[in-house]
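**Q** The lines below spell out each chain.
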Amino acid sequence: MRFINIIPTRPLAVFLAILPFALVFIAYSIGSEIRLTENPSDKLLPAPSTIWDTAVRLVSEGDRRTGRILFWHDTWASLKRLALGIGISASVGLLFGLLIGLLPLMRSFLAQFVAVLSMIPPLALLPILFIVFGLGELSKVVLIVIGTLPFLIRDLSQRVIEVPKELLVKAQTLGASSWVIAVRVALPQIMPRLIQAVRLSLGPAWLFLIAAEAIASDLGLGYRIFLVRRYLAMDVILTYVIWITIIAFLMDWALRRASAKFFPWAEEGL
Amino acid sequence: MSFVTVKGVFQTYGNRPIIERINVDVDEGEFISIVGASGCGKSTFLRLLLAQERPSRGEISIAGAPPAKEPGLDRGIVFQRYSVFPHMTVRENIVAGESFRRGWGRFWGAERRAALARADDTLARIGLDHVADQYPATLSGGMQQRLAIGQALVARPRVLLLDEPFGALDPGTRLAMHDFLTDLRGETGMTVFMVTHDLEEAFKLGDRVLVFDKPRWDPQDPNLNGATITYDFDARDGGIPFQTLKEETHVFHPA
Numbered sequence: 000m001r002f003i004n005i006i007p008t009r010p011l012a013v014f015l016a017i018l019p020f021a022l023v024f025i026a027y028s029i030g031s032e033i034r035l036t037e038n039p040s041d042k043l044l045p046a047p048s049t050i051w052d053t054a055v056r057l058v059s060e061g062d063r064r065t066g067r068i069l070f071w072h073d074t075w076a077s078l079k080r081l082a083l084g085i086g087i088s089a090s091v092g093l094l095f096g097l098l099i100g101l102l103p104l105m106r107s108f109l110a111q112f113v114a115v116l117s118m119i120p121p122l123a124l125l126p127i128l129f130i131v132f133g134l135g136e137l138s139k140v141v142l143i144v145i146g147t148l149p150f151l152i153r154d155l156s157q158r159v160i161e162v163p164k165e166l167l168v169k170a171q172t173l174g175a176s177s178w179v180i181a182v183r184v185a186l187p188q189i190m191p192r193l194i195q196a197v198r199l200s201l202g203p204a205w206l207f208l209i210a211a212e213a214i215a216s217d218l219g220l221g222y223r224i225f226l227v228r229r230y231l232a233m234d235v236i237l238t239y240v241i242w243i244t245i246i247a248f249l250m251d252w253a254l255r256r257a258s259a260k261f262f263p264w265a266e267e268g269l
Numbered sequence: 000m001s002f003v004t005v006k007g008v009f010q011t012y013g014n015r016p017i018i019e020r021i022n023v024d025v026d027e028g029e030f031i032s033i034v035g036a037s038g039c040g041k042s043t044f045l046r047l048l049l050a051q052e053r054p055s056r057g058e059i060s061i062a063g064a065p066p067a068k069e070p071g072l073d074r075g076i077v078f079q080r081y082s083v084f085p086h087m088t089v090r091e092n093i094v095a096g097e098s099f100r101r102g103w104g105r106f107w108g109a110e111r112r113a114a115l116a117r118a119d120d121t122l123a124r125i126g127l128d129h130v131a132d133q134y135p136a137t138l139s140g141g142m143q144q145r146l147a148i149g150q151a152l153v154a155r156p157r158v159l160l161l162d163e164p165f166g167a168l169d170p171g172t173r174l175a176m177h178d179f180l181t182d183l184r185g186e187t188g189m190t191v192f193m194v195t196h197d198l199e200e201a202f203k204l205g206d207r208v209l210v211f212d213k214p215r216w217d218p219q220d221p222n223l224n225g226a227t228i229t230y231d232f233d234a235r236d237g238g239i240p241f242q243t244l245k246e247e248t249h250v251f252h253p254a
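These protein sequence lines are chains X and U, in that order. Numbering that gives the first Met the number 0 puts the first residue of the first sequence at 0, with every later residue one more than the last. Numbering that gives the first Met the number 0 puts the first residue of the second sequence at 0, with every later residue one more than the last.
To be clear, the hints were calculated from the coordinates, so they are not data collected in a lab. Just so it is clear, CB atoms sit at the ideal spot from N, CA and C, and this is done for glycine as well. One or more hints might be untrue.
[Claimed, not checked] Heads up, simulated DMTMM-like pairs for lysine to aspartate or glutamate below, C-alpha to C-alpha not over 25 Å straight-line: (1) U:K203 / U:D26; (2) X:K79 / X:E165; (3) X:K164 / U:D206; (4) X:K164 / U:D73; (5) U:K203 / U:D220; (6) X:K164 / U:D24; (7) U:K68 / U:E91; (8) U:K203 / U:E27; (9) U:K68 / U:D24; (10) X:K42 / X:D52; (11) X:K164 / U:E58; (12) U:K203 / U:E163; (13) X:K164 / U:E91; (14) U:K6 / U:E27; (15) X:K260 / U:E91; (16) U:K6 / U:D231; (17) U:K203 / U:D178; (18) U:K6 / U:D73; (19) U:K6 / U:D206; (20) U:K68 / X:E165; (21) U:K68 / X:E161; (22) X:K79 / X:E136; (23) X:K42 / X:E32; (24) X:K260 / X:E136; (25) X:K164 / U:E69; (26) X:K260 / U:D132; (27) U:K6 / U:D132.
[To be verified] Partial selection, computed: residues in chain U whose CB lies under 8 Å from chain X: (28) G28; (29) P66; (30) T229.
For reference, chain X alone in the conformation it holds in the complex (with noise of 0.2 Å):
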C-alpha cells in the first residue's frame, strides 16, 4: 500500500498527535535530570515539578509587598492590550479593505500607500511610539495595531476583489446600491476570511505586545518574564511562556469555532 493512503485510525491519530508533546516533556526531563546530578543548584533547566510548584505558587500565592496575585494582573494587563489592539486593527482593517476592494477609486487611491506602509518594520517604529505616545498602555497598542493592520488590509481588500465578479453583477441586477452591495454581499463573504485573517496575526501581536512590554512597562507578561530573566528564575519564565502559549492556542481555538459557528456556509473554504 502507498504511503499517501495510509490514514491512522482514531486511538492512532490520538497516539500520534500527543507523542510530539511527550517526546519533547520526556527530552527535557532528561536533560534537566543530567545537569542537576552534577550541579544540584543548577538554574538553567529546573526539573519539571520544580517548574509545576513555581507554577502552583505564581498562580496562588500574592506578591509579598502589594499582596496581589502578579500573575493575574499580568495577564489581564496583556490580554487587554492584545484585545484592544486586534480589536482596532480588524475593524480598522475591514473597513479599508471593503473601501479598497469594491471601489475602484479607493483601489487606486490607497491600495499602493498600504503596501508601501506594510513594509516598513513596526518595532522600528517602537521609539517614536514611546517618544509620541509616551510610556503607557497607548503606545503598547499602538505598536499592535501597526503591526498587524497593514496585513490585515491587504489580505481582505485581496478577499473582497476576490469575491465573484458574478456575485456582484447579479446583485446589481437586483437593484442593490454600492452600500447594500457592501453590506450584505462583500462585508458578510469575507467575515470568515477576517476571522482567519485575525488567527494569522495573533501571532505577530503577541510578538509585538510581548516586545512593547519588554521595553517599556510595570506589569505584563512580556515585563514578568524579562524582568525575572535578570535573576536567571527559568522556573518563571518557562511557566510563563507556557501559560502564553496556551492562551494563543485557545484564541486561536475559539476564533476557529466561532468561524465554524457563524459561517457554516463558508465551512468548504476553510
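Could you slot chain U onto chain X? The hints should help.
**A** Frame of chain X, contents of chain U only:
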C-alpha cells in the same frame, strides 16, 4: 417599435475587435437563443445587453429607455456559476430578489414576514420548498440554477439574460430544466436572451436563434476581424413553417 433595440454595436478590447455591426430588434416576450463557436463574442454580447460593459460604438436600448450605464433592475441575469449568494439560505436568496433594492437591502417586521411567505410560495413553485433552510452549496447543480432563475425572476426584470445556464448540468437535469424554463416563460411572458453551446437546446427553447460567427477570417491574423450575427433563424414550431417566410428578412448579407 421593438422592445429591445440593438443598433450598430461594436465592441473592441484594446485593438482587438470582438463583435462588429450588431443590429437586432427583439419584440417583447420573444425567446432569443444565441449560439456560436467559442470566442465569437456571444458572452460579450450578453454582457453588453446586461450593461456590465458599454459598447465601443452603437447603442442598446430596452423598452425605449436611454442606454443603461450599469446593470440594474430591468435586466435579470443567470450565470453558469456563482449566480446565487452562498452566504444566504435558499429562502433568503429568494427574499434578496425583492429586498436588495431597499436602503439596507433588508425587510423588517411585517414586511419581512410577508416577503418570507411570498418566498415560500415561489420556492414551492420552483420545487425547492423542501430545502428552503439550506445553504446553496448543499444543493445539486440543477437546483442551484433553478434557485438562480427564481431569484432573478422575483426581481421582475424586463429582460432575462441567461449565460450558458445549463452548461454544467447533466443531460437528464438539463431536460428537466428546459421544461422548468418553458413553464416559467408561459407564466411570465418574459423576454429572454440565452447563450448556449447546445444547438438542440437553442432551437428547442428559442423563438429565434442568432448565430454569432466571423464573416471574414484572416488566416495570418485570426483576431483581425470581429464576429457578428451571421444567421437569424426563426425557430418557432421546430423552425419549420416560418423558415421560408422570414428567410429574406433575417439572413445576413455581407456588405
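**Q** Run every hint past the structure and note whether it holds.
**A** Each hint, compared with the structure:
1. U:K203 / U:D26: Roughly 19 Å separates the two Cα atoms, so the pair holds.
2. X:K79 / X:E165: Not OK: K79 of chain X and E165 of chain X at ~42 Å, beyond 25 Å, violated.
3. X:K164 / U:D206: violated (30 Å)
4. X:K164 / U:D73: At roughly 19 Å apart (the allowed maximum being 25 Å), D73 of chain U and K164 of chain X satisfy the hint.
5. U:K203 / U:D220: violated (36 Å)
6. X:K164 / U:D24: violated (29 Å)
7. U:K68 / U:E91: Outside the cut-off at roughly 28 Å; violated.
8. U:K203 / U:E27: Holds, at about 19 Å.
9. U:K68 / U:D24: holds (20 Å)
10. X:K42 / X:D52: holds (15 Å)
11. X:K164 / U:E58: holds (24 Å)
12. U:K203 / U:E163: holds (15 Å)
13. X:K164 / U:E91: holds (20 Å)
14. U:K6 / U:E27: The given pair, whose Cα atoms are some 17 Å apart, holds under the 25 Å limit.
15. X:K260 / U:E91: holds (19 Å)
16. U:K6 / U:D231: With Cα atoms ~16 Å apart, K6 of chain U and D231 of chain U stay inside 25 Å; holds.
17. U:K203 / U:D178: The given pair, whose Cα atoms are some 10 Å apart, holds under the 25 Å limit.
18. U:K6 / U:D73: holds (19 Å)
19. U:K6 / U:D206: holds (21 Å)
20. U:K68 / X:E165: Judged against 25 Å, a Cα distance of about 17 Å means the pair holds.
21. U:K68 / X:E161: holds (24 Å)
22. X:K79 / X:E136: Cα-Cα ~10 Å, so holds.
23. X:K42 / X:E32: Since the Cα atoms of K42 of chain X and E32 of chain X sit roughly 12 Å apart, the hinted pair holds (cutoff 25 Å).
24. X:K260 / X:E136: violated (33 Å)
25. X:K164 / U:E69: It holds: about 14 Å lies between the C-alpha atoms, which stays within 25 Å.
26. X:K260 / U:D132: holds (16 Å)
27. U:K6 / U:D132: violated (45 Å)
28. G28: violated (20 Å)
29. P66: violated (16 Å)
30. T229: Where the cut-off is 8 Å and the nearest Cβ of chain X is about 28 Å from T229 of chain U, the hint is violated.
The structure is inconsistent with the numbered hints 2, 3, 5, 6, 7, 24, 27, 28, 29 and 30, although it conforms to all the rest.
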